[in-house]
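Student: Following the hints, complete the assembly by docking chains B and G onto the known chain C.
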Amino acid sequence: MTIMDKTADIPAPRSGGPDDARLLEVRDLHVEFHTRDGVAKAVNGVNYSVDPGETLAVLGESGSGKSVTAQAIMGILDMPPGKIPQGQILYRGQDMLTMSYEERRKIRGQKIAMIFQDALSSLNPVLSVGYQLGEMFRVHQGLSRKQAKAKAIELMERVKIPAAKQRVTDYPHQFSGGMRQRIMIAMALALEPDLIIADEPTTALDVTVQAQVMDLLKDLQTEFNMGLILITHDLGVVADVADKIAVMYAGRIVETAPVHELYKRPAHPYTRGLLDSIPRLDQKGQELYAIKGLPPNLLKIPSGCAFNPRCPKAEDICRTEIPALVPVSEQDGSELPGRGSACHFWKETIHG
Amino acid sequence: MAELDKNDGSMDATPNVTEVVAVDATDETAAVAAIEAPVERGEPILQVRNLVKHFPLSQGILFKRQVGAVKAVDGVSFDLYQGETLGIVGESGCGKSTVAKLLMTLETATAGEVFYKGQDITKLSGRALKAVRRNIQMVFQDPYTSLNPRMTVGDIIGEPFDIHPEVAPKGDRRARVQELLDVVGLNPEYINRYPHQFSGGQRQRIGIARGLALNPEIIICDEPVSALDVSVQAQVINLMEKLQDEFNLSYVFIAHDLSIVRHISDRVGVMYLGKMAEIGTDTEIYDHPTHPYTQALLSAVPVPDPEARERGERIILTGDVPSPANPPSGCRFRTRCWKAQDKCSTELPLLAVPERFKGSESAAAHESACHFAEEKDVVGAAS
Amino acid sequence: MPDATKTQTETEAVADATAAPSAATGKTQDKPRSLWGDAWFDLRHRPMFWISSILLLILLVIAAFPGLFTGADPRDGDLTNHFLTKPELGHFFQPDWFGYDGQGRSIYARVIYGTRASILVGVGVTAAVTLVGGLLGMLAGYFGGWLDSIISRVTDIFFGIPFLLGAMVVLNAFADRKVYVVILALAFLGWTSICRVMRSSVITAKQADYVTAARALGAGTSRILFRHVLPNALAPTIVVATIALGGYISAEATLSFLGLGLADPTISWGIDIAEGSQAIRDNPHALLFPAGMLSLTVFAFIMLGDAVRDALDPKLR
Chain C
1 MTIMDKTADI PAPRSGGPDD ARLLEVRDLH VEFHTRDGVA KAVNGVNYSV DPGETLAVLG
61 ESGSGKSVTA QAIMGILDMP PGKIPQGQIL YRGQDMLTMS YEERRKIRGQ KIAMIFQDAL
121 SSLNPVLSVG YQLGEMFRVH QGLSRKQAKA KAIELMERVK IPAAKQRVTD YPHQFSGGMR
181 QRIMIAMALA LEPDLIIADE PTTALDVTVQ AQVMDLLKDL QTEFNMGLIL ITHDLGVVAD
241 VADKIAVMYA GRIVETAPVH ELYKRPAHPY TRGLLDSIPR LDQKGQELYA IKGLPPNLLK
301 IPSGCAFNPR CPKAEDICRT EIPALVPVSE QDGSELPGRG SACHFWKETI HG
Chain B
1 MAELDKNDGS MDATPNVTEV VAVDATDETA AVAAIEAPVE RGEPILQVRN LVKHFPLSQG
61 ILFKRQVGAV KAVDGVSFDL YQGETLGIVG ESGCGKSTVA KLLMTLETAT AGEVFYKGQD
121 ITKLSGRALK AVRRNIQMVF QDPYTSLNPR MTVGDIIGEP FDIHPEVAPK GDRRARVQEL
181 LDVVGLNPEY INRYPHQFSG GQRQRIGIAR GLALNPEIII CDEPVSALDV SVQAQVINLM
241 EKLQDEFNLS YVFIAHDLSI VRHISDRVGV MYLGKMAEIG TDTEIYDHPT HPYTQALLSA
301 VPVPDPEARE RGERIILTGD VPSPANPPSG CRFRTRCWKA QDKCSTELPL LAVPERFKGS
361 ESAAAHESAC HFAEEKDVVG AAS
Chain G
1 MPDATKTQTE TEAVADATAA PSAATGKTQD KPRSLWGDAW FDLRHRPMFW ISSILLLILL
61 VIAAFPGLFT GADPRDGDLT NHFLTKPELG HFFQPDWFGY DGQGRSIYAR VIYGTRASIL
121 VGVGVTAAVT LVGGLLGMLA GYFGGWLDSI ISRVTDIFFG IPFLLGAMVV LNAFADRKVY
181 VVILALAFLG WTSICRVMRS SVITAKQADY VTAARALGAG TSRILFRHVL PNALAPTIVV
241 ATIALGGYIS AEATLSFLGL GLADPTISWG IDIAEGSQAI RDNPHALLFP AGMLSLTVFA
301 FIMLGDAVRD ALDPKLR
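Taken in sequence, the protein lines are chains C, B and G. Counting along the first sequence from 1, when you hit position 201 you're at 201 in full-length UniProt numbering, and nothing is skipped either side. Counting along the second sequence from 1, when you hit position 279 you're at 279 in full-length UniProt numbering, and nothing is skipped either side. Counting along the third sequence from 1, when you hit position 240 you're at 240 in full-length UniProt numbering, and nothing is skipped either side.
The following block holds chain C by itself, in its conformation from the complex:
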């Protein structure tokens, strides 16, 4: 990579003290996968940060690198074929990529926890949920079986599973999808982490249950003042819970913004296209706007701006020069805190 993103220049939406006190900061992260057909560049220089109590939504389609980034943070990337050639992942100022395995293991699970999309396959089907919840306490805190069970019940009550006392001995398949996702959340919460990474936590759930689970997650976050990284493809889910959004495309962040701003005035043609292409519940539209073309092939990311073959605004410069993520300002030059766009023509996009 020749061009470095300049996200560091973008002022943070909330000043969370000195820079190294950031709960989590990802700096210029690169991830590639070595496959039979070549090197797939999944993440190409991602920068973002989360503070305690803050929710960062990472929005992107499949292949955008949003989940790969999260896996890199958690240290659960398959390596090989995955490789992190460059970048830093700072947890409270310490680079997790250079830590020893032991140090890292301590942070993972205790300080940073992850919630996956598919709760059923993330839970062990032959162990009762109570046992699996209690395991955390037995392993990490050395509690007895009985104490661990009591803790498990407490956790299940905290995530509002009805009749927790009776259900603690049930097995994962005896729970509904929504309840299983609650159990996953309970597991993530068990050791009271500072940061939760939720990878499409509600995608597999029905809308009525989705709302319940998102609400729960939000309440718990406020209660424990945790940082939350919410990875999703759903612009709707993001609108409800996030404080700030990072939109990813082809392994890069193409736009960052506080949540309300993004929907009102997108500063990147990709974000604008996404917003225009989803049908609205409250409006019966005419033909949908469709972003032309296909998501990029990570083996052959287009030169220049990766979005250029699909972009209505693309010009020659877009095909040759990778746009850096630059701060976005009002027309009169006044700052728009927390906003950034990786588009050569962001001015035209946001003000045009």
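Check before you lean on any hint, since a few could be wrong.
Straight line, CA to CA, 20 Å or less: simulated EDC-like cross-link-like pairs of lysine to aspartate or glutamate [as the list claims (entries may be wrong)]: (1) C:K218 / B:D182; (2) C:K160 / B:D305; (3) C:K218 / B:E313; (4) C:K151 / C:E135.
What the simulated footprint calls covered on chain G by chain B, stretch by stretch (three residues with Cβ under 8 Å from a Cβ of chain B suffice, anywhere in the stretch; the number is not a length) [unchecked claim]: (5) 198 to 210; (6) 216 to 222; (7) 228 to 236.
Here's a subset of chain B near chain C, in silico, CB distances under 8 Å, partners left out [what the hints assert, rightly or not]: (8) I163; (9) H256; (10) I260; (11) A296; (12) P302.
No wet-lab data here; the hints were simulated from the structure. All values derive from a computational prediction rather than experimental measurement. Glycine included, C-beta positions come from ideal geometry on N, C-alpha and C.
Tutor: Same frame as chain C, but now just chains B and G:
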């Protein structure tokens, strides 16, 4: 509906269930003739009556005995009119995919009828059934599993012609396949490629081309875009709308995404636990829902606009969908309903225009299976 | 029925992107690639595949034309001159290269001529087992119901019989044990594993959406079975068959060693191993060469099976 205009081709005025004109076909040839007959735009083409599908639950290893049944579909009736799109929404387990399979005669109905141009397709066989199969096609949810990975695109799209050779003579087939690829927006040169060489959106286009091959009249779409990326969904939806106009198709569009259903549908049916809770035009359902379940469902949809979100009222349902093997008595929604009273557990509400709205011009006057139906704006429409 | 099926993780999406190279750059720079073609591409890049293939090719040529490799008659015993002569390792391709056995026969010639029996038994049993087991497994898996119950129960019964013990009992009933008798006996007892593998992969394949799609089009049973189900259920069967092939060869050798497999005048490594083992203390070479050849052959087949399995493993795509 204020703007009732029968000539504009909108289906707003048509009732949801009309009388079935069953055609008595004495033999197979007569049945095939009835199936081949054209249907006027706006006339019912598919009429579903009290459709029931129970999957038996059996116990025992050697001597299997039935211990119960999963009531996947439990008495569903609706009409599909020529040229319209009927959306069917509901959460997982509500039976909407089973309805699709029943309409495709991929499952045998436990009871009830599906009339296609007056012929009950649940009782057809042989040549007549084959003729029906040609006219009702399906687009599947998962573009990754619905295409045989060991066949070329040409073989996949051309397979319908192998099965129904009368549609296209052998010499024409390659040209027809290429034409179909072109129609769905794929490069006709891709004919010899294999499915794994395409992305999800492209594969779904291949699936659509296969569905179009036999010039069907009805296409049943079972979650056709839910496996696709947001930016690709819009392309596929637009393609489907274009094809509907071009080939005069009627769609049954089954999905869980209410926004997409509203966008594409003329009329919408909401299913809950094997039953239709509410059915009406898209405006009736989305802007004037009267069934509490529809209201809860709509209010739960995340709107990609933080400010519009704050306009509408939010109803968060408690609990989960009960098991279809053991549904609640009376109204099936009563266990999660905030309006439920004793009547709801004893009396099954029928799908009909609620008494209080009868004869009303209001858009709330549409069929809703609730004892206490009343209007509520949950979407926050800027009306 | 899960409604939202964005079950792909992004790692898979990466793999998907690699599988759809046409995507961004458009033009037809890549050729149509079938899954079999992909597997072949994968195989070609595995040294293990090439080593085992070359080994097997040589073995096949030896089996087909043993006369090309030695002028000596493997049955010609010269008791006076060559009784248990030590090998002359410098005498390449000469009758005394590997020395002589207890009856004064050239071990080199016997090893060469013994190849045919082993390869024949291995390939023959595998072919028979794949045909019978594959067919029964396919029928059981596809049609299910009572047919499946019957076939599965019969499979269970055969599965319960210890393979070698069963073969010994069966072969004991034959006085004249030619190659085809051994093939039939081993196939009779060995078809069950293929049957099981085939049944389960047919069951998986028949539940796929593309099969439903074909049914919705009105496709008949034979089209669904042979166009859709079978091609997608074949891979595991091929892997199991290739790996099992080596096993059948060693089973034949074991039986011949025990005197229940092939018998004179057929030349078999098993028989030679049995004879060689009697003089193992002073003349280990009489045992070493046929046993080494046997191990090499079995090894080559198992290695090939491994390579094929890795190439066909869908997880790598």
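Student: Looking back at the hints listed earlier, which ones does the structure fail to meet?
Tutor: Result: hints 1, 2, 8 break, sorted rising.
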